[in-house]
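Number of protein chains: 2
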Amino acid sequence: MRVSRYFLPILRDDPKEAEIVSHRLMLRTGMIRQESAGIYSWLPLGFRVLKKIEQIVREEQNRAGAIEVLMPTIQSADLWRKSGRYDDYGAEMLRIKDRHERDMLYGPTNEEMITDIFRSGVQSYKDLPRSLYHIQWKFRDEIRPRFGVMRGREFLMKDGYSFDLSAEEGRHSYNKMFLAYLRTYKRMGLTAIPMRAETGPIGGDLSHEFLILADTGESEVFFDRGYLDMDWTTAKIDNDDVAGLQGAIDEFTSLYAATDEMHDAAEFETRVEAGRRVNGRGIEVGHIFFFGTKYSEPLGCVVQGRDGEPITIHSGSYGIGVSRLAGAIIEASHDENGIVWPEAVAPFKVGLINLKAGDATVDKACEDLYAKLEGAGVEVLYDDTEERAGAKFAVMDLIGLPWQLVVGPRGLADGMVELKNRKTGERESVSPEDAVTRLAGRK
Amino acid sequence: MRVSRYFLPILRDDPKEAEIVSHRLMLRTGMIRQESAGIYSWLPLGFRVLKKIEQIVREEQNRAGAIEVLMPTIQSADLWRKSGRYDDYGAEMLRIKDRHERDMLYGPTNEEMITDIFRSGVQSYKDLPRSLYHIQWKFRDEIRPRFGVMRGREFLMKDGYSFDLSAEEGRHSYNKMFLAYLRTYKRMGLTAIPMRAETGPIGGDLSHEFLILADTGESEVFFDRGYLDMDWTTAKIDNDDVAGLQGAIDEFTSLYAATDEMHDAAEFETRVEAGRRVNGRGIEVGHIFFFGTKYSEPLGCVVQGRDGEPITIHSGSYGIGVSRLAGAIIEASHDENGIVWPEAVAPFKVGLINLKAGDATVDKACEDLYAKLEGAGVEVLYDDTEERAGAKFAVMDLIGLPWQLVVGPRGLADGMVELKNRKTGERESVSPEDAVTRLAGRK
Numbered sequence: 001m002r003v004s005r006y007f008l009p010i011l012r013d014d015p016k017e018a019e020i021v022s023h024r025l026m027l028r029t030g031m032i033r034q035e036s037a038g039i040y041s042w043l044p045l046g047f048r049v050l051k052k053i054e055q056i057v058r059e060e061q062n063r064a065g066a067i068e069v070l071m072p073t074i075q076s077a078d079l080w081r082k083s084g085r086y087d088d089y090g091a092e093m094l095r096i097k098d099r100h101e102r103d104m105l106y107g108p109t110n111e112e113m114i115t116d117i118f119r120s121g122v123q124s125y126k127d128l129p130r131s132l133y134h135i136q137w138k139f140r141d142e143i144r145p146r147f148g149v150m151r152g153r154e155f156l157m158k159d160g161y162s163f164d165l166s167a168e169e170g171r172h173s174y175n176k177m178f179l180a181y182l183r184t185y186k187r188m189g190l191t192a193i194p195m196r197a198e199t200g201p202i203g204g205d206l207s208h209e210f211l212i213l214a215d216t217g218e219s220e221v222f223f224d225r226g227y228l229d230m231d232w233t234t235a236k237i238d239n240d241d242v243a244g245l246q247g248a249i250d251e252f253t254s255l256y257a258a259t260d261e262m263h264d265a266a267e268f269e270t271r272v273e274a275g276r277r278v279n280g281r282g283i284e285v286g287h288i289f290f291f292g293t294k295y296s297e298p299l300g301c302v303v304q305g306r307d308g309e310p311i312t313i314h315s316g317s318y319g320i321g322v323s324r325l326a327g328a329i330i331e332a333s334h335d336e337n338g339i340v341w342p343e344a345v346a347p348f349k350v351g352l353i354n355l356k357a358g359d360a361t362v363d364k365a366c367e368d369l370y371a372k373l374e375g376a377g378v379e380v381l382y383d384d385t386e387e388r389a390g391a392k393f394a395v396m397d398l399i400g401l402p403w404q405l406v407v408g409p410r411g412l413a414d415g416m417v418e419l420k421n422r423k424t425g426e427r428e429s430v431s432p433e434d435a436v437t438r439l440a441g442r443k
Numbered sequence: 001m002r003v004s005r006y007f008l009p010i011l012r013d014d015p016k017e018a019e020i021v022s023h024r025l026m027l028r029t030g031m032i033r034q035e036s037a038g039i040y041s042w043l044p045l046g047f048r049v050l051k052k053i054e055q056i057v058r059e060e061q062n063r064a065g066a067i068e069v070l071m072p073t074i075q076s077a078d079l080w081r082k083s084g085r086y087d088d089y090g091a092e093m094l095r096i097k098d099r100h101e102r103d104m105l106y107g108p109t110n111e112e113m114i115t116d117i118f119r120s121g122v123q124s125y126k127d128l129p130r131s132l133y134h135i136q137w138k139f140r141d142e143i144r145p146r147f148g149v150m151r152g153r154e155f156l157m158k159d160g161y162s163f164d165l166s167a168e169e170g171r172h173s174y175n176k177m178f179l180a181y182l183r184t185y186k187r188m189g190l191t192a193i194p195m196r197a198e199t200g201p202i203g204g205d206l207s208h209e210f211l212i213l214a215d216t217g218e219s220e221v222f223f224d225r226g227y228l229d230m231d232w233t234t235a236k237i238d239n240d241d242v243a244g245l246q247g248a249i250d251e252f253t254s255l256y257a258a259t260d261e262m263h264d265a266a267e268f269e270t271r272v273e274a275g276r277r278v279n280g281r282g283i284e285v286g287h288i289f290f291f292g293t294k295y296s297e298p299l300g301c302v303v304q305g306r307d308g309e310p311i312t313i314h315s316g317s318y319g320i321g322v323s324r325l326a327g328a329i330i331e332a333s334h335d336e337n338g339i340v341w342p343e344a345v346a347p348f349k350v351g352l353i354n355l356k357a358g359d360a361t362v363d364k365a366c367e368d369l370y371a372k373l374e375g376a377g378v379e380v381l382y383d384d385t386e387e388r389a390g391a392k393f394a395v396m397d398l399i400g401l402p403w404q405l406v407v408g409p410r411g412l413a414d415g416m417v418e419l420k421n422r423k424t425g426e427r428e429s430v431s432p433e434d435a436v437t438r439l440a441g442r443k
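Going down the list, the sequences are from chains F and Z.
Mapping to UniProt numbering: the first sequence position 317 is 317, numbers consecutive.
Mapping to UniProt numbering: the second sequence position 301 is 301, numbers consecutive.
Just so you know, the hints here were simulated from the structure itself, not pulled from any lab data.
Certain hints may be false.
One copy or two, either will do: identical chains are not told apart, so a pair holds if it fits within one copy or between any two.
To be verified - Below are the DSS-like pairs computed for lysine-lysine, each with C-alpha atoms no more than 27 Å apart in a straight line:
1. 423 / 82
2. 82 / 97
3. 372 / 236
4. 51 / 420
5. 126 / 356
6. 126 / 364
7. 51 / 423
8. 16 / 82
9. 97 / 372
10. 52 / 420
11. 186 / 420
12. 364 / 420
Between the sequences and the hints, there should be enough to build the whole structure, so can you do that?
Here you go:
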């Protein structure tokens, strides 16, 4: 993409309304724009990040055997009355009357609807187990939305639901999602720690939150340093090996970890030796629940067992805040000059900077690099404008693409261009050919 | 995907509420499920089709130089009051009050918001031209929603917006979108005819609808048979060649074509000789508008010209009904046995039918074919269940995958499997190796 044809409304100054760094940087880089309190448009740069996050979430859901569907944003109030949550949910639920004065609502979550869909689509024990998920906009009418996309009113969430014949099988489905979540965050360059959690309005008695560590995080967290050394990615875990998976999950949850809400200072001191106690900050980026028959019972989600007997389905639900992750990743990865994107979610991999647009030699070298990189499948944002070099550098640092490729007349005279690593700040002088080889190789 | 692990709730009987064939087939095949009047869930099979349509739309928008963003579903009423459309829009607009009693609405379209986004992001004539688009759920509170996703209340739409410095340049942007639309429909296997249209609540004085031909279409259409012989795909058109593109669009709109609303019987008879007059039925699948300064004026969308003078932006808007297309394609492509998917939008390319699940030889041959096809990037729905053959055939015909690959003990004894073309009904006996080669080759 050429900057001269892109829509990249960078703000010169820090927006006053932004209290936290991700909100400030998302506004400044023109990733998002506030339309109403807690409601944002995703501008081109932000949209690309959102899509990358969404795609990683999707791939790991599919890998765990979950099947994608898409439920509507607007729901009828009737189902929520059946489950008893219509009145429970309070003012956070955006209630709507349609032109026929029917009670509708903008879905804050989908336990009722998916249970009803599943109920009407299956008859027999043979149709289980299944996990269904969707990635859809939700609305929660927060009384004081703030922190940008970290606590918005309209937000994109992946919510998945498992359906099993027994509590034991349900636990296995829960474990599969647990593992899928760890893999999802890892792919985004995040260190996520699972913590036992309250179940709140979703219900049930087994629940974990996943928190990523960020100095600017909203929650205080207490955990055993051992979590920082665990590497789930190297563990060979077979999703279908029930005992093996349970063992792995038991290991991943064996050390102490709690948010301030669940923290028990006495237990922390007993279980964790002093040198291993970490007291830091974290951001919740996922929450999973196993609630058994809480929704299947009132909604009549029953199948016929092997001998004809009725079996009430056991379920769990599994949420990841997709739009929230865009902010959370920035909280976890930025410096004084701007965002530092992990490669997997960066809007572009490379920022190509033309130091002398209009100079035939430099233009030609840039066009050539641009074409070769794009041809090799590398996503490039090419700054071909006539801005001065200093401004171009500042913008590239601000928007945080992993690599900057700087092309100017002086370097070219020696047949060289400069490759800068945004994260480490390292710069190297390389030939244009080497630059392409290296950037195309590091997929 | 294995049927034994999929969620494919096929209905045995025709749903009574469905008046038109696409609605009936989408419900029967378990593509969608009605949640409220005019509000649907997209179940796994339908979701796959929706995503394929969306992706084709996206690719052709990007190819035309449009940039993707994502605006929220919920909008503040304030912007609509500025443009004067808040009161104009009537009861079709879903009006909402949030917990602070602020007037909000579920966006039926986005002219106001995108104009405001663009206004706040640009200063100078150098920032134009630009086209921005998004693919987002919309809501129009139809008084009597019907025909399934063809006239729903919550629907997925691609809406794009162009921003230019003059009416002439705006016309060029309009023409680029015109061409992008023709390419989009063609890729989905549809014959679309552009027809001059009323501008309705969007406004402006230049507008075209795109209608695809389907015997079951909602609108009566009158057109010159010559349209059926025009092939836009072979035309070499350079998007940046202003006169050349205008010439092509003039040609594509030179023949008579009108919906009943705009039809002029006398003109039809004068301009079209008797043997070339076609009176058929069609379905609207896109609508484009050029409305100049209608929104930029009240919303103050002005940039600084080359000499510092203020220039009010000229705009157009361009809509494609993404979810509606799923229904429209079925209306245009089905037979008495079910859907006949064009390959580009089919949920899977191949249905692999195991005629004797449980038989070691047949299972092995199927597993082998399944692995090889998936390995070659072919999307396969593998019916590995113990259903009887007749039921499997009926379901595969009903869901309309382009190819069926039938594997049974008798054929295998001769080293053969059967390849069936869903559209033509042709069957061929081929070796498993040939089947893979042919299906992997026909991308």
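Which holds for residue 51 with residue 420 at a C-alpha limit of 27 Å: within a copy, between copies, both or neither?
-> Result: close within a single copy only, 26 Å intra versus 37 Å inter.
When no copy is specified for residue 423 and residue 82, does a C-alpha distance of 27 Å or less occur within a copy, between copies, both, or neither?
-> neither (52 Å within a copy, 45 Å between copies)
Should residue 364 paired with residue 420 be assigned to within, between, both, or neither, using CA atoms and 27 Å as the limit?
-> So residue 364 and residue 420 pass the 27 Å test inside one copy only (21 Å; across, 53 Å).
Within, between, both or neither: residue 372, residue 236 at alpha-carbon 27 Å = Answer is between; shortest inter-copy Cα gap is 25 Å, intra-copy 38 Å.
Taking 27 Å as the upper bound on the Cα-Cα distance, should residue 51 and residue 423 be classified as within, between, both, or neither?
-> The answer is within: 22 Å in one copy meets 27 Å, while 35 Å across copies does not.
Should residue 97 paired with residue 372 be assigned to within, between, both, or neither, using CA atoms and 27 Å as the limit?
-> neither (55 Å within a copy, 52 Å between copies)
If the cutoff is 27 Å on CA atoms, where do residue 52 and residue 420 land: within, between, both or neither? Let me know, please.
-> within (23 Å within a copy, 38 Å between copies)
With 27 Å as the alpha-carbon cut-off, assign the pair residue 16 and residue 82 to within, between, both or neither.
-> between (45 Å within a copy, 26 Å between copies)
Give the relationship of residue 126 and residue 364 under a CA distance limit of 27 Å: within one copy only, between copies only, both, or neither.
-> between (63 Å within a copy, 22 Å between copies)
Should residue 82 paired with residue 97 be assigned to within, between, both, or neither, using CA atoms and 27 Å as the limit?
-> both (18 Å within a copy, 24 Å between copies)
Within a copy, between copies, both or neither: where do residue 186 and residue 420 come within 27 Å Cα-Cα?
-> Only inside one copy: residue 186 and residue 420 sit 24 Å apart there, 44 Å across copies, limit 27 Å.
Within, between, both or neither, where residue 126 and residue 356 count as close if Cα-Cα is 27 Å or less | Cα proximity of residue 126 and residue 356: across copies only (18 Å, versus 67 Å in one copy).
The earlier numbered hints that this structure contradicts are 1, 9.
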